[in-house]
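K.L.:
Using the hints, put the two standalone chains together into the complex.
Chain residues, written in single-letter form:
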Amino acid sequence: MVTEVNLCGVRFANPVIPASGTFGFGVEMAGEFDLNVLGGISLKGTTLEARFGNECPRIAETPDGVLNSVGLQNPGIDVLLSEKIPQLRKVYDGVVIANISGFGLEEYVKTCALADKCQGIDILEVNVSCPNVHGGGMAFGTSAAAAAEVTAAVKAACRKPVFIKLSHNVTDIVAIAKACEEAGADGLTLVNTLLGMRIDINRRVPILANRYGGLSGRAIFPVALRMVNQVARACNIPIMGCGGVSSASDVIEMMMAGATAVQVGAENLKNPFASKEIVEELPVLMQKLGIQNINEIIGVV
Amino acid sequence: MEKALYTILSNELIADKTFRMRLAGPTGSLKRAGQFVDVAIDGFYLRRPLAAQEWDSDSLAVIYKVVGEGTAIMSDMAPGQSLELLCGLGNGFDADACRKSALIACGGLGASPVFSLAKELLEAGKKVCVVMGFNTAADAVLVEEFKAMGADVHLATMDGSLGVKGFVTDAIKAVQPEFDYFYTCGPAPMMKAVCQSLEGPGEASLEERMGCGCGICYGCTCHTASGPKRVCADGPVFKKEDIIW
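As you go down the protein sequences, you meet chains A and B in turn. Count the first sequence with this note's numbering and you get residues 712 to 1012, in order. Count the second sequence with this note's numbering and you get residues 36 to 280, in order.
Same shape as in the complex, but just chain B (with noise of 0.2 Å):
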């Protein structure tokens, strides 16, 4: 973990109240696709924990949805100011887990932590199956990124207006990918319908209401099959087996 300030490069509209802000800063501690950073806002007490979509040596990109008055905040926000972030937070996404062929399952935000978790799986020679869902074309993200980088594509919108009409799950059966490994990431009942109904071993990144962000304060407590875990710093990510939805 570490905190500094960081400068914002840009801050864009990707999509409906949905923006990607590309920030300067350190970033080694980031070590693996899935963590986050928690940025703090003024006038606001606690941090808003926020992934990190992809990363170099000296800048970080996060999507966010304006969805309160902390959001709305940096939605306004101009290239030149700066947030101060505390950066490489939770466990990140087990790459190796996965052999040769790997299933993403997102929805919504949730595609932006797998997004280097794809990066990295096919620049280990793995092939990766991408299935992404939003409500509605408006809200989708990062699907012309995801062909770009060499990922076989799906999509599923509830109303429709891109791909197959319904849920991931949905897309998921229409598809029928083969892969040895999943990961999903996006609203808890999708991640829940996605680990119960693929067979195989997966991980999921999970979501909690958080305090500190880094494991000191046990506000964002679940149950797992192996104990009391605590979503910002055990997890976010947890194996399928390990979930009790």
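Excised from the complex, chain A in its bound form (with noise of 0.2 Å):
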């Protein structure tokens, strides 16, 4: 049985990998469970300056799902390179993805063309999609013109394959998407949380401290699973499918409606070894389906 996966000539053993935001450096689940089994992992959302994020509290319980407005807590890309890679390296050896966030073009650049000389990661997937912070992040993904330059002028400085991570939150996707195409990306992760928002009825306020917050979890799976499907029926680059995957059946959904490699985000909140869970399941569920390589599913329907 092969569950082996080919994304823009990077291998992936199986093609399942923890969501960037959901499962840290890697690093800190490092003691839990082997790695190895994973296919790949998207690290932390990473910005060229260390940054804290937004006040808590920045987690708030949906019905299936979570809000966050975490706000890309991370050490900057400095850290990054010279420790959390390091560290993930002597434990684990699959692929490696570094998700990379920006406040301006410069930045995205700079930040992207500093990951690609990093010797220990494999893929740059670029965070176009982030809700929770202001004046960056999701406002070059909800434009095609924004999208295609930022996929441009990280291409040019890159010689990695370059990844953009789209938003939910636009009218035309697959206007996007092409525009990314076009510019150049080596392909697509679709797709990043859906902006959303609680209240306490009690203390009449917001729930989350940054009022809105993205909406991750199985609730969110059907809306990803038809973005994933359009993009793919529109666009000839490869798609890392996200959105509310929580089981290998989602898995497996996700690769007939057209991604590659799936990522599981939320489902690692609600149990941290759920990815593990998923690669072991993954198998099982290919027999009894009659699969006997999972690249004959890419994109059946």
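One thing to keep in mind: the hints can contain errors.
Here are the computed lysine-lysine pairs in the DSBU-like style, where the Cα-Cα straight-line distance is at most 30 Å [as the list claims (entries may be wrong)]:
{"hint": "1", "chain 1": "B", "residue 1": "Lys-182", "chain 2": "B", "residue 2": "Lys-100"}
{"hint": "2", "chain 1": "B", "residue 1": "Lys-274", "chain 2": "B", "residue 2": "Lys-38"}
{"hint": "3", "chain 1": "B", "residue 1": "Lys-135", "chain 2": "B", "residue 2": "Lys-208"}
{"hint": "4", "chain 1": "B", "residue 1": "Lys-52", "chain 2": "B", "residue 2": "Lys-182"}
{"hint": "5", "chain 1": "B", "residue 1": "Lys-182", "chain 2": "B", "residue 2": "Lys-275"}
{"hint": "6", "chain 1": "A", "residue 1": "Lys-801", "chain 2": "B", "residue 2": "Lys-38"}
{"hint": "7", "chain 1": "B", "residue 1": "Lys-275", "chain 2": "B", "residue 2": "Lys-135"}
{"hint": "8", "chain 1": "B", "residue 1": "Lys-227", "chain 2": "B", "residue 2": "Lys-100"}
{"hint": "9", "chain 1": "B", "residue 1": "Lys-264", "chain 2": "A", "residue 2": "Lys-821"}
{"hint": "10", "chain 1": "A", "residue 1": "Lys-801", "chain 2": "B", "residue 2": "Lys-66"}
{"hint": "11", "chain 1": "A", "residue 1": "Lys-999", "chain 2": "B", "residue 2": "Lys-38"}
{"hint": "12", "chain 1": "B", "residue 1": "Lys-208", "chain 2": "B", "residue 2": "Lys-227"}
{"hint": "13", "chain 1": "B", "residue 1": "Lys-182", "chain 2": "B", "residue 2": "Lys-274"}
{"hint": "14", "chain 1": "B", "residue 1": "Lys-135", "chain 2": "B", "residue 2": "Lys-182"}
{"hint": "15", "chain 1": "A", "residue 1": "Lys-801", "chain 2": "B", "residue 2": "Lys-264"}
Note that these hints are calculated values from the structure, not bench results.
P.N.:
As structure tokens, this is what we get:
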């Protein structure tokens, strides 16, 4: 049985990847299970400078999901490259995806170029879709022209495969995806969280200190699946499907919709062993469904 | 950290809307008092973090108050039913930081995580003064248990129905306990008052809305004197001088 997939020449032992922001820098879980069972790991979103992010509360429960307004807390690209990646590489041989965010074109380019030089990183995932930072992040992912501009500028400065992580929060995801493809993106990650809100009705205030946050979890799976399918039918570059994946069955569904690899996000918050359990569950389900090679189902629907 | 199914041994009302649930299951990952478990409840996306009140080799107890739908479901559960827990989360209290005599100042259910700490300190031959605060006598938990283990127990209630009328800090002023290290757990304003009014070193167990409970989502990060820290994984216990109130 074959679970191996290939994205832009990078080999993944299986298509399962903990999504950025839901699995820290990988090292946090190194003592809990052998990370090498994972196909890849998308690291916590990193910016040029260190960030605290937004004030707490920055987590709110929702029906079948969770809102977060963490706001890209990270130690900055220098610490990622000098500390986090070496720590992770001591225990993990699989694919490492650096997730990069910024507040301006130059910052995206500078941060990606630094990550591009790091041997321990295989793929760059450019986050133009964070809903929790002001004056950046999602602003680049909600316009086709801006997304294309970031893509072209990052591609010009980098040699590693560049995936652009796109937002839910748009009227025409296909137009933005196509603009990224035309600007030279090697692949796309679809999709980031959906902007949402909860209110504490006793205190009459938003639960999140930031008022709004990104919705993830099982609740968004059908929306993410639809967007992956729409983009897969319109574009020719590989897709990492992301959004509400909680089981091996969801992985199969995402791949049938057109994803070549699948990211597991909020499910890691419910169960930090979720990605590992999905990897274990996948061959069993493939057997049941009569799938010999996982690649045969990519985009069949 | 370990994840397992735990079987409910008992689930009893011990104070107003407050229950103690005893669960059978692995406890090897609990190393220090003040650590917590994260309880999965059917129908709710995130787990409920609850301090381990006490544990032995194959069972543990948590104390919880019914404050929302999740805890209401827990309160209706019966012995024999099971719950999935992540166990052994957080850093817990540093019992070795106390040399000879400790002051434990707790408010409300903050009495639960310091329970095993008091036991550990007493077993190590140290003196333990516990000052407990509650809103009213009907909310009081663990008072007799603390006395039974040999701690010097003092009480404060906001309405004066038990002990000194007023805050934990008022009771501490009245008692003037001798201690070389203090521990505090309870509502944030209470812990802030304790930390700011007491001379000398100590530590407090902080609380924040959590996502994962195990340090991978960075949802519960607080500011500290030594930079951003995750309450769930770097804490919940922080040294007094590290906490920015």
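K.L.:
Given the hinted pair Lys-274 of chain B and Lys-38 of chain B, is their Cα-Cα distance within 30 Å?
P.N.:
Since the Cα atoms of Lys-274 of chain B and Lys-38 of chain B sit roughly 29 Å apart, the hinted pair holds (cutoff 30 Å).
K.L.:
Do the alpha carbons of Lys-52 of chain B and Lys-182 of chain B lie within 30 Å of each other, as the hint requires?
P.N.:
Holds. Lys-52 of chain B to Lys-182 of chain B sits at ~23 Å (cutoff 30 Å).
K.L.:
Checking one constraint from the list: CA of Lys-801 of chain A to CA of Lys-264 of chain B, max 30 Å. Satisfied?
P.N.:
holds (24 Å)
K.L.:
Checking one constraint from the list: CA of Lys-275 of chain B to CA of Lys-135 of chain B, max 30 Å. Satisfied?
P.N.:
holds (19 Å)
K.L.:
Sort out whether Lys-66 of chain B lies within 30 Å of Lys-801 of chain A, counting only the CA atoms.
P.N.:
holds (27 Å)
K.L.:
Regarding the pair Lys-182 of chain B and Lys-100 of chain B, is the alpha-carbon distance no greater than 30 Å?
P.N.:
Satisfied, since the Cα-Cα distance of roughly 22 Å is no more than 30 Å.
K.L.:
Taking 30 Å as the top limit, are the C-alpha atoms of Lys-999 of chain A and Lys-38 of chain B close enough?
P.N.:
Given that 30 Å is the threshold and the Cα spacing comes to 27 Å, the pair holds.
K.L.:
For Lys-208 of chain B and Lys-227 of chain B, compute the direct alpha-carbon distance and say whether it is at most 30 Å.
P.N.:
Holds, at roughly 15 Å.
K.L.:
Are the Cα atoms of Lys-182 of chain B and Lys-274 of chain B separated by 30 Å or less?
P.N.:
holds (27 Å)
K.L.:
When you check the alpha-carbon spacing of Lys-182 of chain B and Lys-275 of chain B, does it fall within 30 Å?
P.N.:
This hinted pair holds, its Cα atoms lying about 27 Å apart.
K.L.:
Between Lys-135 of chain B and Lys-208 of chain B, is the straight-line Cα distance small enough, at 30 Å or below?
P.N.:
Answer holds: Lys-135 of chain B to Lys-208 of chain B is near 20 Å, not above 30 Å.
K.L.:
Is the Cα-Cα distance between Lys-135 of chain B and Lys-182 of chain B 30 Å or less?
P.N.:
holds (19 Å)
Hint compliance for this structure: every hint is met.
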